[in-house]
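Engineer: Okay, here's what each chain looks like letter by letter:
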Amino acid sequence: MVDATTRFFEDLDRRGFEPLLAKSFGTLRFDLHEGARTTHWTIKVDRGRIDVSQEDLEADTVVGTSPDLFEDMAAGREQGIAAILRGDMTVAGDPRLLVQVERLFPGHPDARGPRRRFSHEEVV
Amino acid sequence: MAQSNTVRILDGNTFVVCEDTGDIEATPSEPTGLFSIDTRFLSTWVLTVNGERLNSLSYDDLQYYESRFFLVPGMATHYVDAKLSIIRERAVGGSFREQITILNHDEKPVELEIRMAAASDFADLFQVKDEILNKKGEIYTEVEPDKLRLGYRRGNFRRETIISCSEEARFDKHGFAFTVRLEPNEQWDTQVDVQTFAVGPGGRDLRMGLRAHSTERLALQHDLEEWIAAAPKVNSQHGRVAATYRRSLVDLAALRFSPLSLGGATLPAAGLPWFMTMFGRDSIFTCLQTLPFTPDLSKTTLRILAALQGTRFDDFRDEDPGRILHEMRYGETAAFEEQPHSPYYGSVDATPLFLVLLDEYERWSGDVALVKELEPECRRALKWIDDYADLVGNTGYIWYERRNTDTGLENQCWKDSWDSISYRDGTLPPFPRATCEVQGYAYDAKTRAARMAREFWGDPGFADQLEREAAQLKERFNRDWWVADGEYYALALDPEGRQCDVLSSNVGHLLWSGIVDDERAEKIAEHLVGDRLFSGWGVRTLAEGEIRYNPIGYHNGAIWPFENSFIAWGLRRYGFAEEAAMIANGILDAATYFDGRLPEAFGGYQRELTKFPVEYPTACSPQAWSTGAPLLLLRTMLGLEPHEGHLAVEPRLPIGMGRIEVLDIPGRWGRVDAFARGRLDLHNLAD
Chain H
1 MVDATTRFFE DLDRRGFEPL LAKSFGTLRF DLHEGARTTH WTIKVDRGRI
51 DVSQEDLEAD TVVGTSPDLF EDMAAGREQG IAAILRGDMT VAGDPRLLVQ
101 VERLFPGHPD ARGPRRRFSH EEVV
Chain V
1 MAQSNTVRIL DGNTFVVCED TGDIEATPSE PTGLFSIDTR FLSTWVLTVN
51 GERLNSLSYD DLQYYESRFF LVPGMATHYV DAKLSIIRER AVGGSFREQI
101 TILNHDEKPV ELEIRMAAAS DFADLFQVKD EILNKKGEIY TEVEPDKLRL
151 GYRRGNFRRE TIISCSEEAR FDKHGFAFTV RLEPNEQWDT QVDVQTFAVG
201 PGGRDLRMGL RAHSTERLAL QHDLEEWIAA APKVNSQHGR VAATYRRSLV
251 DLAALRFSPL SLGGATLPAA GLPWFMTMFG RDSIFTCLQT LPFTPDLSKT
301 TLRILAALQG TRFDDFRDED PGRILHEMRY GETAAFEEQP HSPYYGSVDA
351 TPLFLVLLDE YERWSGDVAL VKELEPECRR ALKWIDDYAD LVGNTGYIWY
401 ERRNTDTGLE NQCWKDSWDS ISYRDGTLPP FPRATCEVQG YAYDAKTRAA
451 RMAREFWGDP GFADQLEREA AQLKERFNRD WWVADGEYYA LALDPEGRQC
501 DVLSSNVGHL LWSGIVDDER AEKIAEHLVG DRLFSGWGVR TLAEGEIRYN
551 PIGYHNGAIW PFENSFIAWG LRRYGFAEEA AMIANGILDA ATYFDGRLPE
601 AFGGYQRELT KFPVEYPTAC SPQAWSTGAP LLLLRTMLGL EPHEGHLAVE
651 PRLPIGMGRI EVLDIPGRWG RVDAFARGRL DLHNLAD
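Going down the list, the sequences are from chains H and V. Residue 63 in full-length UniProt numbering sits at position 63 of the first sequence, and the numbers go up by one each step. Residue 105 in full-length UniProt numbering sits at position 105 of the second sequence, and the numbers go up by one each step.
In isolation and in its complexed conformation, chain H is listed as follows (with noise of 0.2 Å):
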């Protein structure tokens, strides 16, 4: 089974476009710590373009976090801002691209979403 991690990753790279960076650009490179070993996720965007990597390419933003912590925002059990807030995550260079590519994440996987009174049916 591949994990939430590179899941997320690899949709990313799929997608190709991806319309809520369409306003985005630059280079974001997540750096995953997990004692002497580091693993690197780079994401190229140029205004909605999205090219995904695992080389440890220069970037305007580097994200640093552990693996696990990764693993649960991939999965939608933590959320990155509170993260950064905790210090669980640290951002170095330009903000904003993590800002814009934080929303990409996916919801808690027991969101239920906005549902409608009568009818008993989610609305999505």
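Hints listed in this document are in silico derivations from the structure and should not be mistaken for laboratory results. Glycine included, each C-beta is placed from N, C-alpha and C at the ideal position. A few of these clues could be false.
[What the hints assert, rightly or not] Distance windows between CB atoms, simulated:
1) H/V2 with V/R668: 50 to 58 Å
2) V/T27 with H/E10: 49 to 57 Å
3) V/P376 with H/R14: 19 to 27 Å
4) V/G575 with H/P109: 50 to 58 Å
5) V/A484 with H/R112: 35 to 43 Å
6) V/P460 with H/R14: 33 to 41 Å
[Stated by the list, open to error] If you want the ones that stay clear, here's a sample from chain V, every Cβ over 12 Å from chain H, calculated:
7) E89
8) E144
9) H238
10) A243
11) R247
12) D320
13) D390
14) E455
15) E661
Model the placement of chain V on the given structure of chain H, informed by the hints.
Structural biologist: Chain V only, in chain H's frame:
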């Protein structure tokens, strides 16, 4: 919070609230301190000389970011004999700096032990507001030869206060001290620097490189001068309108706030001390009020809110795709998800109001590029209204019911206190609820979006659809919400479609939005300036005679200047210029009792009864949308309206207001002037 003996200075979301001596001695119920990013960084800051507390002779709020205190040792009973003067001058701007100067007026030399007690509880602003103080992390103090470090640690969450001085000081765990000998007429001074840090694991500050403007005093001064120079000039025959305008302009400068992680753009924060942060609703309302005067605020606000528009379902944050945020916070409770403000999306009006502001902004500025840039966000916002906001199903109305039942907001409209929405018998309706003014905003949003779709997005089909939907909404609304026996619109509907049939200020918003049927407008105008709603100062949130009416009920009787400015605008829109002028006159009169700085709310007491407006006990001041109110009232009285590329001016001023001129109003026309003379006799209307 409205303690009259507290002094406040601020820059963005860094601010100091202290006693009139400059001292800070915070207690759970006394919200004094040095605050930044929603955290208290100093809770004790007490200056003594030879063990004695100091007494205030006077203080000056020089600018919003600096103040000066003149002090003498000892208590008021014997300070006339004082042979020492102490001057404390301080400024905020990123960090907090205090200059302490001591003058010896004696003919003999003096030996002085000067001491500053310093400590911090690192309380989250939410904990201060709700008086909860049991910290889950650890507070630490580190004494170094040249500095004192106060800190708080909880996991990777770290906040630190670092205190240093220009003169050599003896630092200890509870503060720092100087031993000084002063010859006759000699003076001594030191500069104390207090820096606040939000430290990440790599020692990197959360806020690094994110200041909107330089934090040096001279730069702040320069920035304020530029801000004032760029805004239109207002001259008035009686001075008071011009003075209120100037006060508002300076307070707006102070309330500009630069959210972390958004590249230094500024938008109006909601208000001091509790709301120095980004609010969807408050920021948008303030922008609408200030558009003719400071249009750039609107552009940045729209961009920032667009950049943080919801993208997913998050029940804890009440987030949906397309929803515009309610409130962002940076403190410990947001970080550890004890509060949902990272950001929280629990408001139903910010989303339609976002569309309203963008269209209004274009009408003034001609900035078509922004309307095109934000087309995707507008479409998502409209989709939210249609797909996710109709919680009852097939009603076409916007309803709210929080999914975060623990820390989410029950009432997600502007009247967000728990008991603001009720039936005439005083009982509270079940959820979901729909309030009337929000349906007005939705109508306005669709009408305006139709114009944008037709003129700028090249989508006439979508424009037709939006206009059809708006027309249907108006028709439905006028059928379902009209309270026949009272001849006004209900405050809200419950999920069964039953009316919350109280008479409230909310009907005033409906005029502004244009959802009121023409033949009903006169009745609504009558209610708004009638005895039950109008106090003589302004329109009460709830009409006198309703069971829950209370002149100092936050949303059940108090008068909110911000709301009155929109009510006046709405009256003017439907041609009730006299009624609009009456409200404008009352609110601007009230402003003079607060030195031009309107509070968040004041009591709904009859004007003849109290003779002066009674400030609401815990009102926030300055508060952005109260600060914006005089500006919108000016616009309304002068009848400033963009019209086919130029600025139409159609003044309707009460006689007592004399002459008013507004010079250099910016817009698509370049800059133009507006002149007005008071000609309306309001007494005729009152009779």
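Engineer: Next step is simple, just say for each hint if it's right about the structure.
Structural biologist: These are the hints, each one checked on the structure:
no., hint, result
1, H/V2 with V/R668: 50 to 58 Å, "54 Å, holds"
2, V/T27 with H/E10: 49 to 57 Å, "55 Å, holds"
3, V/P376 with H/R14: 19 to 27 Å, "21 Å, holds"
4, V/G575 with H/P109: 50 to 58 Å, "54 Å, holds"
5, V/A484 with H/R112: 35 to 43 Å, "38 Å, holds"
6, V/P460 with H/R14: 33 to 41 Å, "35 Å, holds"
7, E89, "33 Å, holds"
8, E144, "23 Å, holds"
9, H238, "47 Å, holds"
10, A243, "40 Å, holds"
11, R247, "34 Å, holds"
12, D320, "6 Å, violated"
13, D390, "7 Å, violated"
14, E455, "21 Å, holds"
15, E661, "41 Å, holds"
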